[in-house]
Every structure is written in structure tokens, then in C-alpha cells.
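Q: Chains as they are written, first to last, in our numbering: chain A, 4 to 230; chain S, 13 to 265.
No lab work stands behind these hints: they were computed from the structure.
A portion of the hints provided could be inaccurate.
Using 16 angstroms as the maximum straight-line C-alpha spacing, the simulated EDC-like pairs for lysine to aspartate or glutamate come out as follows [as the list claims (entries may be wrong)]:
id: 1; chain 1: S; residue 1: K83; chain 2: S; residue 2: E140
id: 2; chain 1: A; residue 1: K115; chain 2: A; residue 2: D77
id: 3; chain 1: A; residue 1: K8; chain 2: S; residue 2: E202
id: 4; chain 1: A; residue 1: K8; chain 2: S; residue 2: D40
id: 5; chain 1: A; residue 1: K8; chain 2: S; residue 2: E206
id: 6; chain 1: A; residue 1: K212; chain 2: A; residue 2: D118
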Amino acid sequence: MLTEKMAELKHRLIEYATLVEGMINKSIKGLLEKDENLLEDVIEREEPKANNYDREIDETCTALIAQFEPMAKDLRTVVTILKMNKDLERMADHAVNISESSLFLIARPLVKPLDDVRSMAKTASMMLKDSIDAFVHENVALARDVCNRDDFVDTVGEKILDDMAGFIREKRDGVRRSLHVMRIAHNLERVADISTNICEEVIYIVEGKDIKHHKDEEREAEHGPAI
Amino acid sequence: MKQDVVIQIQGANSFYGKKQILKDVTLDIPAQTVTALMGPSGCGKSTLIRCFNRMNDLISNFRFEGKILYKGVDLYAKDVDITDLRREIGMVFQKPNPFPKSIYENVAYGVRIQGITDREFIDGVVEESLKKAALWEEVKDRLHESALSLSGGQQQRICIARALAVKPHVILFDEPCSALDPIATAKIEELITELKRNYTIIVVTHNTAQAARVSDFTAFLYLGDLIEFGPTARIFTVPQDKRTEEYLTGKFG
Chain A
4 MLTEKMAELK HRLIEYATLV EGMINKSIKG LLEKDENLLE DVIEREEPKA NNYDREIDET
64 CTALIAQFEP MAKDLRTVVT ILKMNKDLER MADHAVNISE SSLFLIARPL VKPLDDVRSM
124 AKTASMMLKD SIDAFVHENV ALARDVCNRD DFVDTVGEKI LDDMAGFIRE KRDGVRRSLH
184 VMRIAHNLER VADISTNICE EVIYIVEGKD IKHHKDEERE AEHGPAI
Chain S
13 MKQDVVIQIQ GANSFYGKKQ ILKDVTLDIP AQTVTALMGP SGCGKSTLIR CFNRMNDLIS
73 NFRFEGKILY KGVDLYAKDV DITDLRREIG MVFQKPNPFP KSIYENVAYG VRIQGITDRE
133 FIDGVVEESL KKAALWEEVK DRLHESALSL SGGQQQRICI ARALAVKPHV ILFDEPCSAL
193 DPIATAKIEE LITELKRNYT IIVVTHNTAQ AARVSDFTAF LYLGDLIEFG PTARIFTVPQ
253 DKRTEEYLTG KFG
């Protein structure tokens with residue numbers, strides 16, 4: 004009985020994750036292709052859908068704990084799904100933030116080419132996708148791989164910050180536009196961070212090992228000491 | 013979603029002599045679902061489930077007031093044939109109670125007392141009922157051994173097969189697992205979940221975890237009053253009545 008309920012719950016979570024991944028991709032696509040419709044779609048149609056998933060999964064998890072008293076791995080999975088649900092809700096909000104800033108930016112001249120934003124978004128959304136895949140297939144190796152990609156996103160984020168700081172110094176009239184680009188970069192960075200969290204949870208489900216606050220030791224054990 | 017209702021309990025009051033057990037209970041039992049009747053000892057849950065097939069009639073000082081409608085017909089009306097009623101609404105008891113006969117004869121019993129003698133037909137009913145009760149594979153090669161040679165969990169499934177053989181629409185389970193070990197209990201619970209596709213099931217249990225696992229709807233009774241009735245997921249997460257909350261969190265009962 005519990006087995007079927009768990010499978011159903013996982014299925015709902017995957018649907019939710021697919022929606023959120025799509026929201027993030029759309030918010031960036033809308034920016035790069037200057038497509039207002041895509042951005043408004045994220046804000047007006049998809050965000051309410053995401054909220055419904057959030058509510059439904061929350062209720063299902065609570066009922067499942069109350070009715071079936073899951074134990075051991077089942078319990079770890081339900082607790083993790085509760086956390087991932089919260090994570091996805093946050094990421095949906097990030098997609099909305101990105102869409103809002105994109106709406107501001109597409110109506111105005113570019114402050115700089117958006118190649119960095121594009122590559123940051125590509126990596127972050129792939130991290131999200133892979134984190135969900137790692138969860139579905141309980142693929143610890145993939146989960147660890149996602150965690151290792153977080154540094155790249157951080158580095159690009161830093162670069163965008165430097166560029167924008169330079170731009171603000173040079174051109175006073177571009178301050179608001181620069182801040183919006185930085186906001187987008189910051190939101191993408193959060194998506195990558197949260198995907199990393201999800202992967203840490205996956206490692207917890209499969210191995211029962213909490214690696215959250217000692218990532219360096221964990222990596223050292225896996226890959227040898229950092230150089 | 014509007015559920016079809018199979019049994020309607022309207023203002024049910026029951027008494028053993030002067031002592032009142034059920035107090036003005038009104039409740040609709042939805043079709044093809046599992047409804048659990050839950051509550052501490054003496055809450056009236058067993059009395060209530062026994063009203064559905066008039067098992068209480070056997071107790072000399074029992075008295076019932078109010079109405080219980082099964083598919084719209086009052087079960088306590090004068091012209092109700094109790095044998096027909098119990099064919100429609102079967103029952104499985106707390107302690108497995110197979111007859112001291114063979115496995116085959118236990119399941120065939122209900123068909124035989126209807127005067128049916130067609131051997132092939134009875135064979136078919138026995139096999140089908142044992143399959144539905146998830147027991148066929150375990151006993152198909154020893155159908156003529158005594159049912160009493162089986163384990164407790166198997167005996168309980170024989171009783172379920174026996175109830176199924178007369179093609180009931182409703183099956184009442186009165187504490188069906190209280191005499192069984194955890195493995196046998198899990199099997200019966202799984203079976204109940206399976207059976208609800210074709211039958212309406214009512215389960216009495218004092219085991220709240222079991223009510224939570226197997227049922228779609230839960231009724232909580234306390235001292236003869238129906239305190240709360242609703243979808244099991246809601247009753248076990250956000251009960252509306254303080255007494256249900258207190259019972260579930262172990263403050264009494």
C-alpha cells in the first residue's frame with residue numbers, strides 16, 4: 004500500500020520539477036529572445052500552477068506520514084520530498100524574479116552581451132534537471148557530479164558582478180539595467196545552490212549519510228585532497 | 013466527488029436492557045470504499061457494525077431504534093429476510109472461526125445451504141472465492157484437508173473466502189486482525205485494499221494505525237456518539253473535533 008503511494012508521490016514531484024525547470028528555461032529564453040509572452044506566461048500562468056503542486060505535495064506527505072508511518076528509507080524519502088517540495092517552490096519564485104527583471108531588460112538597450120547569463124542559466128537548469136534525475140534513479144554518482152558543478156556557476160556569477168560593477172562605474176545611466184542583470188545572475192546562482200541541496204538530500208536518502216555541512220571532507224574522500 | 017451511498021444510518025439508538033449504547037448515530041457509508049469505525053472500548057463501534065447485518069438480534073435484551081437503509085431498504089423493517097440480508101452483507105469476525113470441515117466444504121457451505129448441488133458450479137465458486145481471498149495458491153493441493161490445520165492468518169482468509177462465496181455486496185470486518193501476527197495482519201490488510209474494488213467494506217478496529225492504513229473514510233465514535241466522520245487522510249491530519257485529536261494523540265482511550 005505504502006509502495007504505491009510513494010510511487011505516486013514521486014511521480015507528482017517529478018511533474019512539479021519538470022514544471023519548474025521549464026519556468027527557469029522560459030524566463031531565460033524570454034530574455035535572450037526578447038519574448039514578452041514567455042515571461043508573462045511564467046509569472047501569470049505557471050507560478051500559480053507551481054503553488055498548487057506545492058500545496059498538494061505538502062498535504063500528501065503529511066497524510067502519508069500520518070496514515071502509513073513510513074520507516075527507514077521510506078521515511079527518509081518522504082522527509083526529503085517535503086524538503087525538495089520547498090526547494091522547488093523557491094526555484095519557481097526565482098524563475099518569477101528572473102522573468103520580472105527580464106521584462107525590464109528587454110524593453111531597453113543591452114548593457115552588455117548576455118553570453119555569461121546564457122551559460123550560467125544553461126548550467127543551472129541542467130543542474131536542476133540532473134538533481135531530479137539523481138533523485139528519481141537514486142543515482143549518487145550523478146548527485147555528486149551536480150554538486151561539483153556549483154563552483155562554475157558561482158564563478159560566472161562573480162564575473163557578471165565584476166562586469167556590472169565596471170559598467171556602473173563607466174555609465175551612470177545604466178545602473179538600473181545593471182542591477183537587473185545582477186538580480187538575474189543572483190537568482191540563477193540560487194537555483195544552482197538549491198539543486199546542490201537536492202543532490203545532498205539524494206545522497207542522504209540512498210546512503211543515509213548527511214554531507215551537507217562537511218562537503219569538503221566528503222569531496223576529499225571521493226576525489227583526494229583539493230590542490 | 014459525490015460518492016454513491018450504500019448504507020444510510022439514520023438516528024440509530026441501541027440499548028442492551030436499559031443501558032443505551034448508540035446515541036442518535038447518523039452516517040452514510042460510501043460504496044466501494046473501506047470505512048473504518050474507530051474508537052476506544054465501549055464506544056459502540058462493534059454494536060454499530062453488528063446492526064448492519066442484524067447480528068445483535070441474537071442478544072435477547074437488545075433493542076434498536078432508528079433506521080438503517082441498505083440500498084434504500086430499511087434493514088429493520090418487519091418483512092426483511094435475515095438470511096437474504098446476511099447473504100448481501102457478509103461478515104468476518106475477530107477470531108478466525110472456520111467450521112471443523114475441509115477447506116473446500118468451508119467455502120462451499122454458503123452455496124450448499126442455498127440448495128445448490130451442481131458439483132462443477134460449486135467447484136468454480138470455491139476456486140474463485142479462494143483466489144479472491146488470496147489463498148488459492150497456498151491450499152489448492154490440499155482442499156480436502158481440515159480447515160483447522162491451517163495457520164491463523166490462513167484460517168482468517170478461509171473465513172473471507174467463505175463470506176465471498178455467496179456473492180455479498182458488503183463485507184463487515186470486526187477486528188479482523190486482532191488475533192493475528194504482523195505478517196498475517198499485513199496480508200489481510202492488503203486483501204481488504206484489494207477487495208474494495210468490488211465490495212463495500214466496513215472495518216471495526218481499535219487499532220488506529222490500521223484504520224489509517226486500510227480505510228478511505230473513518231468514523232470516530234466515543235461513548236456511543238459519532239464524534240466525527242470524514243476522509244481518513246483528513247481525520248488523521250487535521251481532525252475537526254477536539255476529542256478526535258485527543259484520541260489520536262493518545263490523550264485518552
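Q: Confirm or reject each hint.
A: So, going through the hints one by one against the coordinates:
Proposed proximity of K83(S) and E140(S) is contradicted: the alpha carbons are some 26 angstroms apart, above 16 angstroms. The hinted pair formed by K115(A) and D77(A) fails the criterion: a straight-line CA distance of about 49 angstroms is larger than 16 angstroms. Proximity of K8(A) to E202(S) is assessed by CA-CA distance (about 13 angstroms); at most 16 angstroms being required, the pair is judged to hold. At roughly 26 angstroms between alpha-carbon atoms, K8(A) and D40(S) are farther apart than 16 angstroms, so this suggested pair is violated.
At roughly 14 angstroms between alpha-carbon atoms, K8(A) and E206(S) fall within 16 angstroms of each other, so this suggested pair holds. Between K212(A) and D118(A) the CA atoms are separated by roughly 38 angstroms; this puts the pair beyond 16 angstroms, and the hint is violated.
Checked against the numbered hints given earlier, this structure breaks hints 1, 2, 4 and 6; the rest are met.
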